[in-house]
Amino acid sequence: MFKGGVKLIDFKSLSKNEEIEEFKYPEKVIIPLIQHTGSPAKPVVKKGDYVLEGQVIGEITGFISSYIHSSISGKVIEIAPWDLPTGRKSLSVIIESDGERKSIEKVKRDWLNLKSEEIINIVKESGIVGLGGAAFPTHVKLTIPEGKRVDFILINGCECEPFLTCDYRVLKEYTEEVIEGIQIICKATNVKKAFIGIEHNKIDLLPQLERSIRNLKISIEIEIKILPAKYPQGSEKHLIKSILNREVPSGGLPIDVNCIVFNVQTTLAIKRAVCDGIPLTERVLTCSGLVKNPKNLKVKIGTLISDILNFCGAELKHGRKIIVGGPMMGIQLFKEDVPVIKGTTGILLLPEEKLPKRIQPCIRCGKCLDVCPMFLLPSEIGKYVELERFDKVENLNVFDCIECGCCAYICPSKRPLVDFIKCAKFKLRKK
Amino acid sequence: MIISIIVVGCLGLFFGIFLTIIYSKFKTEENPFFSKIYSLLPKANCGGCGFAGCNDFAENLIDGKTTPERCVMLNEESIIEVCNLLGIKNERRERNIARICCYGGDNAKKKFEYTSFRTCSAVNAIFETNLECPYGCIGFGDCIRICPVNAISLNEKNIPEINEEICIGCGKCIEICPKKIIKLIPSNKKVYVACSSKDKGAVVVKICQSGCIGCGKCSKSCPQNAIKIEDNLAIIDYEKCNNCGKCVEECPRKIIFISKISILA
Numbered sequence: 001m002f003k004g005g006v007k008l009i010d011f012k013s014l015s016k017n018e019e020i021e022e023f024k025y026p027e028k029v030i031i032p033l034i035q036h037t038g039s040p041a042k043p044v045v046k047k048g049d050y051v052l053e054g055q056v057i058g059e060i061t062g063f064i065s066s067y068i069h070s071s072i073s074g075k076v077i078e079i080a081p082w083d084l085p086t087g088r089k090s091l092s093v094i095i096e097s098d099g100e101r102k103s104i105e106k107v108k109r110d111w112l113n114l115k116s117e118e119i120i121n122i123v124k125e126s127g128i129v130g131l132g133g134a135a136f137p138t139h140v141k142l143t144i145p146e147g148k149r150v151d152f153i154l155i156n157g158c159e160c161e162p163f164l165t166c167d168y169r170v171l172k173e174y175t176e177e178v179i180e181g182i183q184i185i186c187k188a189t190n191v192k193k194a195f196i197g198i199e200h201n202k203i204d205l206l207p208q209l210e211r212s213i214r215n216l217k218i219s220i221e222i223e224i225k226i227l228p229a230k231y232p233q234g235s236e237k238h239l240i241k242s243i244l245n246r247e248v249p250s251g252g253l254p255i256d257v258n259c260i261v262f263n264v265q266t267t268l269a270i271k272r273a274v275c276d277g278i279p280l281t282e283r284v285l286t287c288s289g290l291v292k293n294p295k296n297l298k299v300k301i302g303t304l305i306s307d308i309l310n311f312c313g314a315e316l317k318h319g320r321k322i323i324v325g326g327p328m329m330g331i332q333l334f335k336e337d338v339p340v341i342k343g344t345t346g347i348l349l350l351p352e353e354k355l356p357k358r359i360q361p362c363i364r365c366g367k368c369l370d371v372c373p374m375f376l377l378p379s380e381i382g383k384y385v386e387l388e389r390f391d392k393v394e395n396l397n398v399f400d401c402i403e404c405g406c407c408a409y410i411c412p413s414k415r416p417l418v419d420f421i422k423c424a425k426f427k428l429r430k431k
Numbered sequence: 432m433i434i435s436i437i438v439v440g441c442l443g444l445f446f447g448i449f450l451t452i453i454y455s456k457f458k459t460e461e462n463p464f465f466s467k468i469y470s471l472l473p474k475a476n477c478g479g480c481g482f483a484g485c486n487d488f489a490e491n492l493i494d495g496k497t498t499p500e501r502c503v504m505l506n507e508e509s510i511i512e513v514c515n516l517l518g519i520k521n522e523r524r525e526r527n528i529a530r531i532c533c534y535g536g537d538n539a540k541k542k543f544e545y546t547s548f549r550t551c552s553a554v555n556a557i558f559e560t561n562l563e564c565p566y567g568c569i570g571f572g573d574c575i576r577i578c579p580v581n582a583i584s585l586n587e588k589n590i591p592e593i594n595e596e597i598c599i600g601c602g603k604c605i606e607i608c609p610k611k612i613i614k615l616i617p618s619n620k621k622v623y624v625a626c627s628s629k630d631k632g633a634v635v636v637k638i639c640q641s642g643c644i645g646c647g648k649c650s651k652s653c654p655q656n657a658i659k660i661e662d663n664l665a666i667i668d669y670e671k672c673n674n675c676g677k678c679v680e681e682c683p684r685k686i687i688f689i690s691k692i693s694i695l696a
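Chains as they are written, first to last, in the working numbering: chain A, 1 to 431; chain B, 432 to 696.
Just so you know, these hints were derived from the structure itself, not from any lab.
Keep in mind that a hint or two might mislead.
Derived BS3-like pairs (lysine-lysine); straight-line CA-CA distance at most 25 Å [said to hold, decoys possible]:
#, chain 1, residue 1, chain 2, residue 2
1, B, K603, B, K651
2, B, K541, A, K335
3, A, K89, B, K611
4, B, K631, A, K28
Since we're looking at a predicted model, the values are computed, not measured.
Take the sequences, apply the hints, and build the full model.
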């Protein structure tokens, strides 16, 4: 159990019992070439080319990078910059569907006979990135650097953000596949023990999970940990702290405490890539909030968010805002015709909150210091950034901030503390 | 009454004598140049020279660590005088003026309304920009706050404007601007292009009323052949430009400006 964090009303009952529904085959997809952390992919198709579902359209450009695949079959109509849900722009491949759903040949493999390098290579070529939101390329995580060892694999099924239920539904409906994915990861990294961390509000999954971990194909041990429902339980650093009671050092990675963390959906994607030869072209996301029919949808990467909102019966009017991601870490959308990318965990329609016109002063209540799960001083950082004294921020460890948003949530003055920290990070990185 | 006058008077006398003795004993020799040079400097402490104020600059001048040209506020005569005092040769210096190469402001389409921490660097760090145009001026005034001589102000269209008469060309605004749209241009050149967009013309027309579309009219009309189009943006070669102002008339987007002030140093 970690210190800090906040308890939130989870609103998960809105979409918790909705089965994963396949979203209609899109007529047009916009596939950005930056969907992951790291260097952008290089386009390998031209305008006018015909592409199949699952065909590579963007090639890897460095060690920390990822392949991009077409999610539908059809013609490339343009390669142009397009807005991302994150507010930035990226070169994107725009594909128009021919409606035939032609796919590349799917190679069925028996993973028991594959070597570790082969599995990692398949993961790399399938363009799998962390589907929990940060979209860190998975093959990089699986490649254990020399001199390091891994004791445990952690599967992150916490989903601590309110409203989101996609990981819960995946665990419920694709239990067997997820468990198989865990075994594949264990084989690739040669680890004997894995943990699945789920929050207390998903305790109904327990019997089902326990049943499916009884007969495993290889001799590993999988343990299920029920963790208290507290935000940000799903942050990998806090998951490690809660399950293993190990603390990732400042500026370090989970590998420094001998474990690796994978999201539930990433595990599913690994299983599908390795066993069925399906590259990452779709993901499950939650569309919830003030929409008429909250749903868990299986969506092709590159589908327009406006189509999904229409499908779920969202009424856009004044005083409502669209959030991409969870309500705590998500970003408000400024226009609806942006695509779903690999890191999109949810689309939420929420009432717009009235913010004070000017930034209110800090009243030094110290609440942000109590809730910060990384033990930083958000109030101090905010104060100095507001005065543009970046030299003073240098030794306040801003780079440890996980941008969970607890401080801004709890602040009675409604100070945009996360924005201050983001600004400080940017300024200090440039130096 | 009398007693107090005597006591205070005696004390005054005592301290007077004491201080005189101390002063004559511990007198520090001032560099004979220093006060002369310091009196010639502008004493604005703007920091444009890179030193901590005029005092520090004068000390460094005497030590030979810098040259009088570094001070952007010194006029020609004072420079010659300072050079004579220091016994060094005077090198001619060109005065520069900062120009804001964007005329977006309210003319540019907003992508969304930004409500958080209102500085340009914060917008740049969080969203890169709040405009549709990725190159344009964010307009929250980082340059206005950093300017040591208050030469920059927001005009009625929310575009920062530089007062050429006041600008000393120190370059501080250029350093702080996250979009890098402020440029130092020799002050005897009066024409500049107020746009930094490298997008294609068709894109620019949609998102900004005053963006360069790279049509090339200016480059064709220029009698000196000083303008060329690079990355859909008109760029003036200041070695060739002779301030004729033809391009200003020709520009269909009205974004090439000519300074109204006739005589510049």
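Between K603/B and K651/B, is the straight-line Cα distance small enough, at 25 Å or below?
violated (35 Å)
Do the alpha carbons of K89/A and K611/B lie within 25 Å of each other, as the hint requires?
holds (18 Å)
Holds or violated: K631/B with K28/A, Cα cutoff 25 Å?
Holds, because 24 Å separates the two Cα atoms, which is no more than 25 Å.
Hint check: K541/B vs K335/A, CA-CA at most 25 Å. Holds or violated?
Satisfied, since the Cα-Cα distance of roughly 11 Å is no more than 25 Å.
In this structure, only the earlier hint numbered 1 is contradicted, and the remaining ones agree with it.
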